[in-house]
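Kindly produce the complete structure, drawing on both the sequences and the hints.
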Amino acid sequence: MIADSPISKTTAPLIELADLHKVYRVGTELVHALRGVSLLIGENEYVAIMGPSGSGKSTMMNIIGCLDVPTEGRYLLRGQDVSRMSQSRLARVRGRQIGFVFQSFELLPRTSALKNVELPLTYSGVRHRRKRAIEALRRVSLLDRAHHHPNQLSGGQKQRVAIARALAQEPDIILADEPTGNLDSTTGNEIMAIFDSLHAEGQTIIVVTHEDHVARRCRRTIKLMDGQIVLDQMNEERERAKGISTAEGAAAAATGGSEGTAATGGSRPHGTEGVRPDGKRGAATGTVIEEGGPS
Amino acid sequence: MAAVRVIFGVLLFVPHQIGALATNVVTALVQIWTNKIRAFLTVLGIIIAVTSIITVVSFVQGFGDYFTNFLRGLGTNLMVVYPEAVRGPRGEFLRPAEMTVDDIFAVDAKSDAIRRTSPVIFARCTVEYGRQQITGLNMRCASELFQPIRNFYVEEGQGRFFGAIDVENAAQVCVLGRDVLRQLECDESIVGDYIMVDSQRFKVLGLLETQGSFMGDNNDAIIVIPWTTGLKMYPNNRNYMAFYSEAMSEEQVDEAEAQIARTLRRRHGIRPGERNDFGVFKQDQILQQFNQVKMIATSVLGGIVGISLLVGGIGIMNVMLVSVTERTREIGLRKSVGARRRDILLQFLTEAVVLSTVGGLIGIGLGYAICGVASLHPKMVEVNVPIWSVALALGFSAGTGIFFGIVPAFKAAILHPIDALRHE
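Which chain is which? The protein sequence lines are D and G, in order. Okay, so the first sequence: first residue is 1 according to this note's numbering, each after it adds one. Okay, so the second sequence: first residue is 1001 according to this note's numbering, each after it adds one.
In short, the hints are calculated from the structure, not lab data. If a hint is listed, it holds; no wrong ones were tucked in.
Derived CB-CB ranges, DEER-like: (1) G/Leu-1376 / D/His-148: 44 to 54 Å; (2) D/Thr-28 / G/Leu-1041: 35 to 45 Å; (3) D/Arg-130 / G/Pro-1378: 56 to 66 Å; (4) G/Ile-1296 / D/His-148: 56 to 66 Å; (5) D/His-148 / G/Leu-1041: 27 to 37 Å; (6) D/Arg-84 / G/Ile-1037: 40 to 50 Å; (7) D/Arg-84 / G/Thr-1298: 53 to 63 Å; (8) G/His-1416 / D/Asp-144: 33 to 43 Å; (9) G/Leu-1041 / D/Asp-184: 39 to 49 Å; (10) G/His-1416 / D/His-21: 12 to 22 Å; (11) G/Leu-1376 / D/Arg-130: 46 to 56 Å; (12) G/Thr-1325 / D/Glu-135: 28 to 38 Å; (13) D/His-148 / G/Val-1026: 16 to 26 Å.
On the chain D side, residues computed to face chain G include the following (Cβ under 8 Å): (14) Asn-62; (15) Leu-67; (16) Gln-87; (17) Ser-88; (18) Ala-91; (19) Arg-92; (20) Arg-94; (21) Glu-106; (22) Leu-108; (23) Thr-122; (24) Tyr-123; (25) Ser-124; (26) Arg-165.
Over 10 Å on every C-beta distance to chain D, these chain G residues come out as not near it, computed from the model: (27) Arg-1124; (28) Ile-1134; (29) Glu-1155; (30) Gln-1172; (31) Arg-1182; (32) Met-1248; (33) Arg-1271; (34) Gly-1273; (35) Ser-1299; (36) Gly-1306; (37) Leu-1394; (38) Lys-1411.
The beta-carbon is built from N, C-alpha and C at its ideal position, and this holds for glycine as well.
Pasting the structure below:
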């Protein structure tokens, strides 16, 4: 797998997964969530992880995010082996190197946006927390809402606060778990646009999603099935799709429910259908994977 | 060089810790404010405990100060010796109470630890003056040494105390306490005038200075007459005399008591091993009695405080467990952004301690209020809240928070971040 990983030659490996296994015990049954996953992700990559329910993508995300450790195999994050770290050191790695963005935002209630963004900084004990939090809010264009509480913010604004919180620490990776899952498609696209621009600024981003139009905005798509990687490809078409109004395409896809019906059933204008080179998608592995629900 | 580095490290580290703690405290206060009623009900036990500590400690302290001051005014060398019948184990009389004037003089003559001795008869009498009458007035029949022994003098310019000659002659003279004047509704002009004491005519020689009341006993409602006169009025007392003795010094009180016992036992023919047929009342006995009261009050306090703290602590534990469950996702989030177990532990422990301390502060406020209101009562002794009781109360409430907060905090700390984030 590592051999044909389409990793760019100019980027150093930031994440190196080598033959990861994860076994859970559910009651008396053993569940193999990951069955030998190997993967390289370099600096400034923009990766979508896809897969149906139970495919192991959540487990993989948890391991990449240092929320969990693999049963077997090795995970090197920037060269350090995090697969055998203590809870306390894992927390430190999470705090300093990984920025999480969750589907349901997970902002602290009754706490201003600014304080929410400062939260990771208080745990790592860095100085100039206020300054760095303000800078992070500025990067998601939400400085004017700095003193608002989450209940005074819209869904999109909340997710922007969450992104700012992930950014505040200047992490190696931003790990977004269904970041648009709780948002309408327009807002979802605004959020993805922020990820796009962060990526353009050099940020490494991993998005876990089951939505095709979200995955399509990333540079690379990894699909999981039954705990194994079944597809790992670069999204070449993204370059060509850039000029097109992606927001409208996404809206169409969302309202249409699926790619196939979007062209005919969509009530809104749509423009991306023709640009999508479907033929290329399965090329890497030759496997076609049906869409699954959020896992 | 290394030392500089260490110091620098500590200097950088400490503000961060303080900052984190301050953040935790603020978070805790926000939590409390959001759940005001719940928090109040939770800390009710703590409030009661702390209020009891403050109030009882202050009252005991107030009475203690009052007591000590009073005893000091009474003269700490004072002893009262009184006859006492000896009873056997089944309550049968073994020996009647007996004390004669000769006994008293013998004690006075043979004890070098005793400075002064005066016979005394405690009685109650009826006093009439003009159209006023007082019944059941406290009467002391003593010698002219009553003044220095009791440290209770005739007021300057208000006549004189009776002298040795008055005692010798069993003269019908008396001195009055200030409160007697008030009850007789007359003024200082009574000095030199005559009053009727148990239907006998007595000349008022002087007025005693004001001494105040003690445990509901008014020391100023008193009449003092020579003991010889007293014996004439109450001849039955001849064989049941009591006497005041003043030791040379506070240190010699015990020695004086021993000398009294030796003399009296010999004179009464009490064999070794037999019990005394008299009692000695010393100041430190009053103190001992008071200390007993104090101890009872303290144990009652201990019980109330213990139960209230237990109830309050369980309340805190319960509410913290609820809080941990309610905020499982928050815990997951905090862990995912870098909080270690000890950060979470500290956060929830801080919350429990802040909760209990807020209860403690309310209790201290209530305690102060109760003491303040109690002090308004005219017959109440002065009650001051000692600062150490405040510290004690705060310490107890914070300790309860730590003790009962540790389990919920630990429960929060060991939550797995993934499970916590998935919690619905």
